[in-house]
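Based on these hints, arrange chain S on the given structure of chain A.
Those sequence lines, one after another, are chains A and S. Quick note on my numbering: the first sequence kicks off at 921 and runs consecutively. Quick note on my numbering: the second sequence kicks off at 15 and runs consecutively.
Derived from the structure by calculation, the hints contain no laboratory data. Where hints are given, some of them may not hold.
[To be verified] Capping the alpha-carbon separation at 20 Å, the derived lysine to aspartate or glutamate pairs in EDC-like fashion look like this: (1) A/Lys1192 x S/Glu162; (2) A/Lys1268 x S/Glu162; (3) S/Lys357 x A/Asp1299; (4) A/Lys1308 x S/Glu314; (5) S/Lys357 x A/Asp1302; (6) A/Lys1311 x S/Glu359; (7) A/Lys1273 x S/Glu162; (8) S/Lys357 x A/Asp1304; (9) S/Lys298 x A/Asp1299.
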Amino acid sequence: MPKIATYRAKKTPPVDNSAPSISPRTAPSSLDTPIAHVDMDAFFVSVELLAHPELRGKPVVVGGRPDQRGIVSAASYEARRFGIHSAMPLRTAARLCPGAVFLDPHHALYSEWSDRIARILGEFSPVVEMASVDEAYLDLSGTERMHGPPLAAVHTLRNHIRQSTGLPCSIGLGRTRLVAKVASDQAKPAGLLWIPAGSEAAFLALLPVRKLPGIGEVTAAALRGMGVETVAQLAAISPEKLQELFGQWGTALHRKALGGDTFEFLIDAQPKSISHNHTFADDTRDLAVLDSTLSHLCQKAGKRLRDARLSARTITLTIRYASFKTYTRAHTPAEATDLDQVILATAKELLAKHRDSRQAIRLLGVALTGLGAAGRQLDLLDSDRHEKLEKLARAADRLRDRFGFDKIQLGGSLREPGDS
Amino acid sequence: MEFSVDKQEFLRELNLTQGVVERKTTIPILSNLLCEAKGNTLTITATDLELTIRTSCDAKVKKEGAGTIPAKKLLELVRLLPDGEIKFKLLDNHWVQVVSDRKTYKLVGMSKENFPSVPATPHVLVALPAGLISNMIAKTSFAISMEESRYTLSGAKLLLKPDAVSIVATDGHRLALVEADHKFAGLNAEVGVLVPKKAMAELKNLAAEGAEDAEIEFSQDESNLFFRTGKRLLISRKLTGQFPNYEAVLPRDNNKIIALDRDELNDALRRVSQLADSRSRAVKMAFTQEGVELSASSPEYGEAREIIEKPYKGDPITVGFNATYMLDFLAAAVQGLISVELKDEQSAGQLRPLGDDKFRYRYVIMPMRI
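Here chain A stands alone, though its shape is the one from the complex (with noise of 0.2 Å):
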């Protein structure tokens, strides 16, 4: 893999001005030149079609057997007319669209072609963010000379991407993030879309605030009982206003319908929480399951946060019986940490001290909170252990990276935290 810089992170502290160096990541853009929001389109279908360019054309879904219980986790644009999208039960895309051809989801594959696409666009331009496994920023400050202009540029590289993968991409210019990737987002499928600088505020106020990244459910339910819809009703509210509503959050909301600014976009960049669930096929009660979930699932969890240079304060399990009561529990260790063994053991304490053995188990979940960059504390007592499995943990990311997330597990064979 090149290098490629980040400039995910950190709110970071105003920069000094007497400090001469300016490194990437701080620099701000230059206005006029934008930045573009790389998207693949419907990209674990994408990648399934390169195998079975038969299915071109027809409602395709990724996530699982039609009559198994997980959810879509992709749907072809030709599934997306009968209704289906993603975090949809399978069974609810069945019933919707019963000539589906529903696929089992491949994300070693997908994060093979996710590193081909990420070494793509960073032979493109030397500042790259992946947001996502599908999903990437590019500064293009000081790229013109070899791209040319800004839209000539990102439409040599979608068609570059598409000859090289086979891939098909969506990409928003904008002079922010956030407007390149609601750009991006309105361009779909396989389209380019770029938004002049000025033009931002005309450009966003048609759009329901839903469409802003960073308004979830909840927040545009709340802004809906206040009588906003749309971006331009929620750019009219004084940020005075909205910060009375929603605290610091209101500030950046204000921020987000004018088309925000970079230092607004990196607030969010940090995500607050990450988690991952499972469903099983069949309830369960057999302990053995339970735990070997809990543990792929702490170790999926723990990736993230080292991916994303973090460490997690909070560890919280998500018991959903066969019932559908479902019970969250969680602990907070003296320490913040990025170690799968001490999430996977603080799981497993939680999971032994609040299960109902008696019932069976639909669903287990993990969540990690409290997330923050700062320093870990040092041990003093076993403080080779603790290196060791720190190693441990970034030559597995370093395996996990090139060759998928399951070609390396914890196997039953280490120490956990507590053992002495």
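Okay, now just chain S, sitting in the frame of chain A:
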């Protein structure tokens, strides 16, 4: 069972048992006190199975016997009763009648047969000076681990030698060690025991309740520790297992040393840590030629920087520490100069009060990687 006691005297002993009575217990009898009237004494016992407190007060016993009474209700009621005599009488069905003047109450008791038996105290091993022990517990108990999973760290190690006593506690991130000279009559060999956190707290209460020059008689059997001072007895289950080899982690070659006034350092740390990351409480400590610079920053709150001026000729160094760990120690150390001794960014730092002529007190604290 029928007896009467003086309210104030009874209340004082009742208060001492409250730390032990379980609030949320799955075993109902453990929320009760065992009251035993015999001769001219009332003995009360509380236990949570890990820790037992037994104490007594003078009583006029009309009829000897024993019963159990809900501890919390009894305490609340006795607190509210006027000063003077309170009469107790065991009724049928284990109920206990309480009469003060013309006020009558009946509390639902439970059979005394169900109350856990209290182990017999073995012969006294050694007498500990109460004031000294109480002081030493205050200097160490805050460093005991809160994590139940780190079993052997959930207590402090009490080490008795023929001519010295020491207590050491650690949670794996910092370690507090205090030693004092004291001649123990009749002690020929070293005795080391692990005392659970809760027992340490109760022992300190007990030591503080007694007179300045009171003594605590210490003894042990296979599974319990016994501390008796006067009529009060504390029994704790031993923590079994191996306390970590703490001597191996005590710093030996920390050569970057500055002595700072305790209050000055304490105040500066408290201010600077206001702007530290609320999760990690990380504060940077830098030794420079100007002195010691303390700084902290957090994305939510802002940043802080303070310099405590102090001549320093050694190599400059910057180390991150958890401010809470530092402040815990400063609150327990005596006034005057504190020697801050560092080695490098990854090795344990050491803090020692220089003005303490009674105790050899050292605090070892691991840095944070920032």
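Checked hints:
1. A/Lys1192 x S/Glu162: violated, 28 Å
2. A/Lys1268 x S/Glu162: Roughly 15 Å separates the two Cα atoms, so the pair holds.
3. S/Lys357 x A/Asp1299: holds, 16 Å
4. A/Lys1308 x S/Glu314: Violated, at roughly 32 Å.
5. S/Lys357 x A/Asp1302: Holds. Lysine 357 of chain S to aspartate 1302 of chain A sits at ~18 Å (cutoff 20 Å).
6. A/Lys1311 x S/Glu359: holds, 19 Å
7. A/Lys1273 x S/Glu162: Status holds; Cα separation ~13 Å.
8. S/Lys357 x A/Asp1304: Holds, because 18 Å separates the two Cα atoms, which is no more than 20 Å.
9. S/Lys298 x A/Asp1299: holds, 17 Å
Checked against the numbered hints above, the structure violates hints 1, 4; every other hint is satisfied.
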